[in-house]
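Student: Here is how the chains run, residue by residue.
4 protein chains.
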Amino acid sequence: MKLNRKLRMGMVGGGRGAFIGSVHRMAARLDGEIDLVAGCFSSDPEKSRLSGQDFFLDPARVYATYEEMAQKEAALPADQRIDFVSIVTRNNTHFAVAKTFLEAGFHVVCDKPLCFTRKEGLKLREIVRKSGKVFALTHNYTGYPMVKEAREWVRSGKLGKILKIVAEYPQGYAITALEQKADGAISNWRMDPNVAGVSNCMGDIGTHAHNLVRYITGLEIEGLCAELSTFIPGRPLDDDGNCLVRFAGGAKGILYASQISNGDENNLNIRVYGTKGGLEWHQENPNELVFKRADAPPVVSRRGNSYLSDAAKEATRTPFAHPEGFIEAFANIYRAAATAIADSIAGRKASKAGYDFPTIDDGLAGMAFIETTVKSSKAGAKWVRFPQE
Amino acid sequence: MKLNRKLRMGMVGGGRGAFIGSVHRMAARLDGEIDLVAGCFSSDPEKSRLSGQDFFLDPARVYATYEEMAQKEAALPADQRIDFVSIVTRNNTHFAVAKTFLEAGFHVVCDKPLCFTRKEGLKLREIVRKSGKVFALTHNYTGYPMVKEAREWVRSGKLGKILKIVAEYPQGYAITALEQKADGAISNWRMDPNVAGVSNCMGDIGTHAHNLVRYITGLEIEGLCAELSTFIPGRPLDDDGNCLVRFAGGAKGILYASQISNGDENNLNIRVYGTKGGLEWHQENPNELVFKRADAPPVVSRRGNSYLSDAAKEATRTPFAHPEGFIEAFANIYRAAATAIADSIAGRKASKAGYDFPTIDDGLAGMAFIETTVKSSKAGAKWVRFPQE
Amino acid sequence: MKLNRKLRMGMVGGGRGAFIGSVHRMAARLDGEIDLVAGCFSSDPEKSRLSGQDFFLDPARVYATYEEMAQKEAALPADQRIDFVSIVTRNNTHFAVAKTFLEAGFHVVCDKPLCFTRKEGLKLREIVRKSGKVFALTHNYTGYPMVKEAREWVRSGKLGKILKIVAEYPQGYAITALEQKADGAISNWRMDPNVAGVSNCMGDIGTHAHNLVRYITGLEIEGLCAELSTFIPGRPLDDDGNCLVRFAGGAKGILYASQISNGDENNLNIRVYGTKGGLEWHQENPNELVFKRADAPPVVSRRGNSYLSDAAKEATRTPFAHPEGFIEAFANIYRAAATAIADSIAGRKASKAGYDFPTIDDGLAGMAFIETTVKSSKAGAKWVRFPQE
Amino acid sequence: MKLNRKLRMGMVGGGRGAFIGSVHRMAARLDGEIDLVAGCFSSDPEKSRLSGQDFFLDPARVYATYEEMAQKEAALPADQRIDFVSIVTRNNTHFAVAKTFLEAGFHVVCDKPLCFTRKEGLKLREIVRKSGKVFALTHNYTGYPMVKEAREWVRSGKLGKILKIVAEYPQGYAITALEQKADGAISNWRMDPNVAGVSNCMGDIGTHAHNLVRYITGLEIEGLCAELSTFIPGRPLDDDGNCLVRFAGGAKGILYASQISNGDENNLNIRVYGTKGGLEWHQENPNELVFKRADAPPVVSRRGNSYLSDAAKEATRTPFAHPEGFIEAFANIYRAAATAIADSIAGRKASKAGYDFPTIDDGLAGMAFIETTVKSSKAGAKWVRFPQE
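Residue numbers (the UniProt record's numbering), protein chains in the order written: chain A, 1 to 389; chain B, 1 to 389; chain C, 1 to 389; chain D, 1 to 389.
Any given hint could turn out to be false.
If several chains are the same, the list does not tell them apart, and a pair holds so long as it fits within one copy or across any two.
[Unchecked claim] Straight-line distance between alpha carbons at most 27 Å, and here's what the computed DSS-like set of lysine-lysine pairs gives: (1) 6 x 72; (2) 47 x 313; (3) 276 x 313; (4) 161 x 378; (5) 47 x 99.
It should be emphasised that the hints constitute simulated quantities derived from the structure, not laboratory data. These figures come from a predicted structure and were not determined experimentally.
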């Protein structure tokens with residue numbers, strides 16, 4: 001970015017105890033270019049108020065409802081009101097909150113998945129377009145420097161024509177039915193179709209894997225065959241899903257996500273194979289990226305080195321082997337969004353390379369992915385064409 | 001085993017320069033209980049003769065054809081003739097060679113896949129049954145001690161009920177079309193449908209992954225959905241294949257094999273997830289086996305330790321961290337087969353635990369796997385029920 | 001911490017382009033409890049001014065000299081002036097800057113090593129004691145959660161009596177003589193004895209390894225035998241050093257540091273072996289900590305899990321396998337110092353467990369280490385008793 | 001090799017239950033060019049006899065004493081008697097057995113360390129020289145293909161001038177005092193100075209690390225400073241030792257070995273750093289060798305690939321990623337010795353490159369290492385010049 005001031009951020013959701021709200025705040029804060037100044041941190045006004053205290057906010061700018069917040073912030077003088085809002089609520093409210101703030105003239109950073117249904121997403125895209133505002137979606141895993149390096153490799157032709165992609169995202173945290181309360185209610189909202197949408201596992205983490213594939217390879221899915229499963233009885237939604245994938249241009253792939261892969265933590269991995277070489281990246285060891293090809297030894301590129309692409313270098317904050325992690329990757333999404341927002345405020349054009357954050361279009365691709373996997377699975381794991389729209 | 005002498009082995013195929021023949025000989029030799037004494041090492045009699053010289057064999061026992069070998073060996077006195085034959089020829093001759101030696105009264109060790117077609121395999125099973133002879137198939141990857149440990153874990157209930165299995169076998173050696181000669185002929189027989197059968201990749205290595213899954217989990221495939229691909233133009237057979245799998249009892253899985261995964265070498269891996277825990281084993285790092293479960297740190301069992309199961313201990317030859325490898329695992333198949341052959345010669349019964357080598361039934365399961373994946377793929381990657389026979 | 005406001009930080013050093021200044025600011029900022037409000041970022045007033053702009057500071061609080069800064073900040077109303085200063089200058093100025101701010105009534109966070117000589121350090125300790133202010137030294141590697149877990153293991157007796165310690169810190173960045181300018185001047189101040197002190201390598205990174213050993217094991221060095229080398233000609237100071245170490249209580253160890261270990265990046269590792277078990281931690285893979293013992297499989301504890309000690313849990317910000325890195329570890333030093341500073345401001349006592357940041361005493365131990373290694377090495381690598389003072 | 005027959009091997013020591021005897025036999029057997037035909041497997045004649053049965057030997061060639069064996073084998077016709085003897089007895093008998101067989105006209109393969117004292121070793125060298133026979137010492141770790149690759153890298157100048165070497169060999173098996181029987185006797189002969197010599201740990205495994213350093217780098221020790229320790233009370237010999245090392249030509253190093261490093265198994269590692277690059281090899285993962293240098297990503301060479309040196313290729317038996325291990329490395333020593341023996345029998349000269357197995361001179365260097373470390377340690381860990389002789 002560059003304004004001669006920090007950007008002012010508001011937040012909806014993410015009060016006390018919310019993991020993802022805390023991550024968004026740390027990510028926003030890391031580079032010292034964004035200040036949190038307002039928020040509606042919970043649908044419970046008291047919790048929102050206490051959260052505001054935690055964050056040392058002016059009580060007058062801690063709101064009971066997001067509608068009030070949008071309205072009152074918009075009414076503040078230009079040099080006080082928030083520049084953008086960060087939406088970290090549950091899936092089923094993304095649309096309404098984003099619509100409200102976009103229409104009130106604010107830029108938006110929104111947690112993934114984009115919204116509750118793809119249909120909602122299509123509407124939201126219209127609203128974003130009309131608004132002329134920045135809309136960034138926090139598919140944070142593409143914020144890692146070595147993921148950016150991977151994309152550069154594909155773009156530069158280092159891998160040749162892509163033939164095969166294997167993206168996997170096994171977690172094991174849901175192997176025990178923690179979400180079932182004694183009275184049968186569902187405490188984990190991701191398992192609740194009224195809140196999460198048509199899918200739990202594919203919506204929550206399958207979309208991350210899908211976004212990662214698209215980001216690195218630039219390839220779009222043409223069709224897929226998905227089998228979603230619910231292994232732990234009593235869950236209304238999937239806790240595991242396996243997909244065979246056909247990409248436009250002829251590449252084939254496997255994409256799977258799971259929350260019952262007992263003992264796995266956050267094991268997002270991708271392997272991409274082309275005619276000239278293959279690459280491999282593991283989220284749990286994010287500072288390395290392996291290049292390999294037949295008849296030559298594997299080469300292990302490491303974050304922070306002079307031999308990396310500009311894209312990787314610009315996304316890094318510490319020297320080689322001073323490990324960066326999840327928060328820093330997340331902060332890269334915020335930094336890119338902040339640059340776009342600052343440019344918008346300053347009336348500057350984007351550089352030729354554009355901004356490197358996930359957009360409303362990426363969010364829509366994610367919604368298409370979720371709904372297509374569910375459709376395929378419900379049909380008995382048959383091949384379904386990807387929506388072309 | 002225990003006879004008061006070494007077993008006498010003959011070999012069909014595996015002459016000078018043949019990789020797999022050399023591996024079979026090293027595996028047979030390692031424990032000092034088997035002597036190679038006769039062979040027909042090539043369909044080219046001169047090459048067979050020279051190979052016999054390489055192995056210091058009596059020229060009288062180096063044969064021009066396998067039929068001659070079977071006949072003349074059978075005519076030798078009982079204390080001279082071979083006890084068993086090792087068949088390391090191409091897929092399309094396994095049946096005929098095995099039939100010939102079984103009917104001549106010899107035990108058989110045979111390379112995988114079992115034969116050219118499943119139909120041939122069914123016939124061969126009849127012949128084996130009638131013969132009363134030992135028939136062992138060298139699915140060597142199940143010879144690794146830590147694979148045996150993995151099976152023990154599943155059997156003992158350490159993983160609970162199995163929910164999900166991911167077996168992958170990417171290689172990259174066929175990324176370049178090495179098999180195409182200048183005149184268009186196919187030099188790599190695995191790519192030739194008249195020699196290899198209906199599949200290259202699934203037949204050559206997919207079956208290993210399939211065998212590994214069955215060995216460790218004891219689960220049989222109920223149905224699968226497979227997409228086989230031929231990425232490198234000009235190949236009559238598949239060089240890559242992805243399968244979604246449904247196992248009897250409800251587990252789901254992914255099984256894939258590839259020879260165009262650029263830069264991968266022999267990257268056979270398996271992950272098994274159950275209600276109580278998960279396991280992970282990597283062929284390229286075969287001396288370790290990981291146990292993991294939610295809410296406890298991963299535990300890395302290592303070959304050669306006192307804490308392992310008897311099955312793993314009995315399959316090992318060196319102390320911990322004196323690494324064992326491919327040949328030692330292969331030798332475990334030979335050792336188990338030799339024990340069965342020695343018992344047969346001595347008129348002993350097998351121990352209760354039986355013998356730990358792949359049988360004709362395992363070979364038939366492999367043929368079913370190959371043919372089912374091809375059938376599914378040809379139908380457009382539709383679900384196909386596994387043959388129940 | 002807990003005040004009802006953020007702490008106000010000033011910074012001395014760390015202007016535009018300075019790596020470690022940037023790290024300190026990110027670390028201070030991460031938790032949203034510290035605001036940078038003033039600074040003297042360079043001995044060059046113009047550079048200081050521009051750096052202040054970068055950080056969006058009030059120009060009135062960007063100073064030309066640190067003396068001016070101390071004086072003017074002290075003169076500000078209590079609700080405006082800084083609470084503490086962060087000193088990120090070169091070694092030879094730590095003492096003077098720290099003295100100035102302590103005596104002006106400010107708390108201090110200071111980069112390592114403590115100062116230019118141990119003698120200076122002893123004086124500084126007196127000043128700290130008299131001042132009653134918080135003094136924290138940023139030996140940041142002990143900020144990692146899994147290092148805290150390691151300490152808990154030793155404290156709880158999980159390793160038994162410690163017998164052997166191996167601490168290694170090889171880097172390779174100084175394999176080329178980057179510090180030598182065309183005119184023979186030294187551009188890398190760490191190689192300049194007038195700025196860095198009596199040692200480059202042991203002072204810069206050897207002290208980190210030493211601090212890590214002390215933090216985890218609680219053991220003090222009784223004597224050591226060190227050989228420091230200067231492999232790249234023209235350097236006035238060491239670029240490599242190897243030590244044999246005897247610890248109080250009988251443990252033995254190896255401690256080495258190097259900047260000419262070609263190809264190593266920031267490869268700080270520690271292994272501690274006791275009668276009941278051993279542990280192993282690698283800075284480049286900081287989210288894991290291995291426990292191992294004879295006759296049991298290695299166990300790999302991973303950051304963010306419920307099975308860890310409170311000390312490790314409290315030092316973490318993201319769930320398991322959402323990797324944390326260098327900045328987060330650094331931020332733990334800031335968070336602990338901030339808690340102490342807030343307690344001091346609020347007139348609260350420390351909790352029984354005390355504060356978990358390196359102190360003036362740790363800094364003095366580091367100075368003793370540096371000077372003892374140099375003394376030993378100059379004597380021809382003879383054993384030298386550690387100063388008892 | 002190439003004779004038109006297998007070589008005939010005798011063995012002294014290595015009867016039933018002896019680990020290292022079994023390894024020697026597997027190693028000798030692996031390539032099918034050596035037959036075990038005679039032996040004196042134990043000082044207990046009955047145990048020797050039963051061991052001979054285990055190995056299917058002619059009872060007439062299983063001897064009660066090694067003197068009898070040497071005499072009777074020498075008296076056999078040339079086409080029956082052994083070509084060489086493999087000595088796998090305890091350290092204190094190597095000299096006498098080797099002398100007896102060399103003087104009886106046999107080639108010798110001998111386990112390490114060379115003998116009981118360096119003085120004995122010097123005498124043995126005279127005997128070897130006079131005999132004109134092949135004498136090979138089984139420092140097996142230099143048999144690994146990737147260790148040979150490492151040597152080629154150093155020889156070819158790929159690392160530039162060597163500056164620093166770190167060789168470490170921690171084991172943990174002796175953390176419990178298994179060798180102490182109820183009556184106080186020592187059951188582990190390696191801890192008995194009357195059998196093992198002046199050192200346990202440095203003699204048993206320190207010499208392996210030392211041999212590995214010399215093999216890869218070609219550098220000889222000029223002086224060392226060693227501290228040997230006995231951590232477990234009641235042991236007459238060392239169970240741990242740390243050395244600082246100065247190499248001829250200016251390189252510096254650390255070499256340590258330990259048997260009380262709780263939880264380590266057989267963790268022999270070496271890192272070599274030169275002006276142009278560094279290398280890293282780990283015995284527990286022997287199929288990989290890492291090359292690294294500042295400003296370029298690490299490259300991981302893997303056994304079995306076409307890009308390796310001839311030396312590495314010739315030392316391998318299976319394709320890439322079909323892992324080779326300890327036995328195969330050991331077999332490379334036997335194969336090289338067998339070639340030398342066959343050449344000697346056939347009256348052929350060695351090829352220009354010579355034979356790639358450890359010699360009597362390597363054994364003497366090992367004895368010098370053992371005795372120098374003990375001398376240094378007894379003097380209080382002072383620097384001692386290495387014997388130049």
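Student: Hint by hint, note whether the structure agrees.
Tutor: Hints, one by one, checked against the model:
1. 6 x 72: both (21 Å within a copy, 25 Å between copies)
2. 47 x 313: Cα proximity of residue 47 and residue 313: across copies only (24 Å, versus 40 Å in one copy).
3. 276 x 313: Both, since 24 Å and 25 Å are each at most 27 Å.
4. 161 x 378: For residue 161 and residue 378, the Cα distance is within 27 Å only across copies (25 Å; inside one copy 33 Å).
5. 47 x 99: Answer is within; shortest intra-copy Cα gap is 24 Å, inter-copy 44 Å.
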